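Participant: Take a look at the letters that make up each chain.
Protein chains: 2
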Amino acid sequence: MGKMIGHHALIRFVEDVFVSMGCPPAQAQTGARALVSADLRGIDSHGVARLSGYIRLWEAKRVNAIPDIAIVHETPSTAVVDGDAGLGLVVAPYAMDIAIEKASKVGTGWVSVSNSNHFGIAGFHAMRALEQDMVGIVMTNASALVAPTFSKERMLGTNPICVAVPSGDEPPFIADMATTTAANGKLEMLQRKQLEAPEGWIQDKDGNAIKDAHALKNGGALLPLGGNREQGSHKGYALGSIVDIFSAVLSGANFGPWVPPFPAYVPMPENQPGKGIGHFFGAMRIDAFRKSEDFKRDMDLWIRRFRNAAPISPDQPVLVPGDPERMTEKERMANGIPLLDVVWEDLLTIAEKFNIKF
Amino acid sequence: MGKMIGHHALIRFVEDVFVSMGCPPAQAQTGARALVSADLRGIDSHGVARLSGYIRLWEAKRVNAIPDIAIVHETPSTAVVDGDAGLGLVVAPYAMDIAIEKASKVGTGWVSVSNSNHFGIAGFHAMRALEQDMVGIVMTNASALVAPTFSKERMLGTNPICVAVPSGDEPPFIADMATTTAANGKLEMLQRKQLEAPEGWIQDKDGNAIKDAHALKNGGALLPLGGNREQGSHKGYALGSIVDIFSAVLSGANFGPWVPPFPAYVPMPENQPGKGIGHFFGAMRIDAFRKSEDFKRDMDLWIRRFRNAAPISPDQPVLVPGDPERMTEKERMANGIPLLDVVWEDLLTIAEKFNIKF
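Going down the list, the sequences are from chains A and B.
Here the working numbering is used: the first residue of the first sequence is 1, the next is one more, and so on.
Here the working numbering is used: the first residue of the second sequence is 1, the next is one more, and so on.
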């Protein structure tokens, strides 16, 4: 079942698709690397499984393949970028580069982005800061699937936060997470396997906690991290809200229930207050705080101490954020990326449509 | 049962206590306002109930009443501050002012603090940014009570995050939360009432989920937001870790299991890698991103839309982060602050010790 494919071939294919859509070659390459980084790191829901979705957005004229991405406002440490409806996969690296450049000059850089589209995994963009000895911080809003505490209405996206922190000899700390109990991709996996969802993941259209993994199709909603009020869902709701505000209210993008949906066939929300979806990028130079070697020595100590924390079971050591994705990436770089048959068929259809060898 | 006391009288009393300890009068006043803001906002565990704890730290020479708080490293948008073992209640406003000043010059300001002590509630410090039309961001680490996912060892504090966002006609958005399922103060309330803790709050010394609210006394641990792996505790663990790293690895304070305990009678951890506890402060000028009036118009729309999200029950409308604390503050400003008898007796003992009229 399924196919294995090398990541170089997969990146090259996505790059060819983006070029066929009209993307400038350099942007096509960056965008392809961003997309396939999700497959490499094991976040299969955000990788090439979504390629046909991006193409449909482009066909629906909601994605602009040759965007004029521009800074519309800035200070020494901040900028607002208008993505001109470009692929988020392309707009995000552009904005992250601005954050990094500002950080190199004044210590930190913070960029809020409007008029963009889905950018793949936050981790890819945050990790670009690591190469510059900077902390990378990335957030994005997304179309509303999540009900706030006490609400039965979908008001927020799964709104992820990624923080990537440089280290010395140890691999870096990379926390990349939806602000919901579980990302939508996890739910899709359960749907495919006809399994129930655990408690605290979803509610039905009336706000009752349920385990039906298909509840979103019937007006249900994902739940904020915490799951219910007693277990802290108001904190997950607050975190998702902060992501929404930093990504969209700071930039002039759409927020809350007005964020454009990813599936091109879903109609746009009415009376949108802003443009496209919003992202937020931050870069902090570690030597803007301490000598780089002192920071890295302490960060290595932090990582080793947490990895060696007493485990509940000897079979499951304590992990440091980023460990599972790094292990998957190493394995898939060596052995290839496994694609479901349905995704493989999808890519073949795309190859045929654009007349690309695959 | 209990006493009611006006907040002006309570602030004045705390100020007199701090002056008696040797604090400079201006610092005593700021520190007193910071401490009592917890009582006003209903976070009783962090207010004057802790005053005797601060005094014991001062008596144990772990709090310096006349600290030489200083910037030890800076760039246009960043600084590291050494709190010289001062009261966190005094060090934090000093550091937040630096963040605000840097933001007024270059758009944002970010200050990591070492060698400090407990600073009360994060919300008080973050809200100072609101007066300047800035977003305020505040974090602090704390002594280890929380076990990472898969661990039975206490490695992190309840490590709160506060984000305060200015608005126009609506009251501001203020999310102030521990990165655990429940703050330790909530557990203390259950202990006093002899009630069980809900699922997902605590585990015993072997890592089993339990409901005994007294489990921390027997080697148990609080749980990260999410409660268990299936419900996302690895995300709460990651959030608490980010707070720890920004507050302490960036500044050179103690982190993880090495953070000094609040009770003066608990011995200091051995082989500490840094100085005191750590905090992190951020200020972002909203007009460094967009015109202030545009931001405030959209933020008001955000707040109203979320407050009007369809409720599950008509009896419990959807709240915006900050609503409960603001309602409590309004009520307590008008009618006084209720103090438990045990807290009242504690304050009388302090008054006698320092020969202060109360």
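If you're looking for bench data, these hints aren't it; they were derived computationally from the structure.
Since the model is a prediction, treat every value here as computed from it, not as a measurement.
Treat the hints with care, as some may be off.
The list treats identical chains as one, so a pair stands whether inside a single copy or across any two.
Said to hold, decoys possible - List time: in silico EDC-like cross-link candidates among lysine to aspartate or glutamate, alpha-carbon distance up to 16 angstroms:
id, residue 1, residue 2
1, 217, 323
2, 186, 230
3, 291, 352
4, 61, 346
5, 211, 230
6, 275, 345
7, 205, 133
Participant: Would you mind marking each hint as holding or not holding in the structure?
Facilitator: Status of each hint after checking the structure:
Taking CA atoms no more than 16 angstroms apart as the test, residue 217 paired with residue 323 passes in neither setting, with 33 angstroms inside one copy and 32 angstroms between copies. For the identical chains of this complex, residue 186 and residue 230 are inter-copy neighbours only, at 11 angstroms across copies versus 23 angstroms inside a copy, given an alpha-carbon limit of 16 angstroms. For a Cα distance limit of 16 angstroms, the shortest separation of residue 291 from residue 352 qualifies neither inside one copy, at 54 angstroms, nor across copies, at 48 angstroms. Neither within a single protomer nor between protomers do residue 61 and residue 346 lie at most 16 angstroms apart by alpha-carbon distance, with minima of 21 angstroms and 68 angstroms respectively.
When the C-alpha separation of residue 211 and residue 230 is checked against a cutoff of 16 angstroms, the pair qualifies only between copies, where the shortest distance is 13 angstroms, while the shortest distance within a copy is 18 angstroms. Taking CA atoms no more than 16 angstroms apart as the test, residue 275 paired with residue 345 passes in neither setting, with 34 angstroms inside one copy and 58 angstroms between copies. When the C-alpha separation of residue 205 and residue 133 is checked against a cutoff of 16 angstroms, the pair qualifies neither within a copy, at 46 angstroms, nor between copies, at 38 angstroms.
Violation of the numbered hints given earlier is confined to hints 1, 3, 4, 6, 7; the remaining hints are satisfied by the structure.
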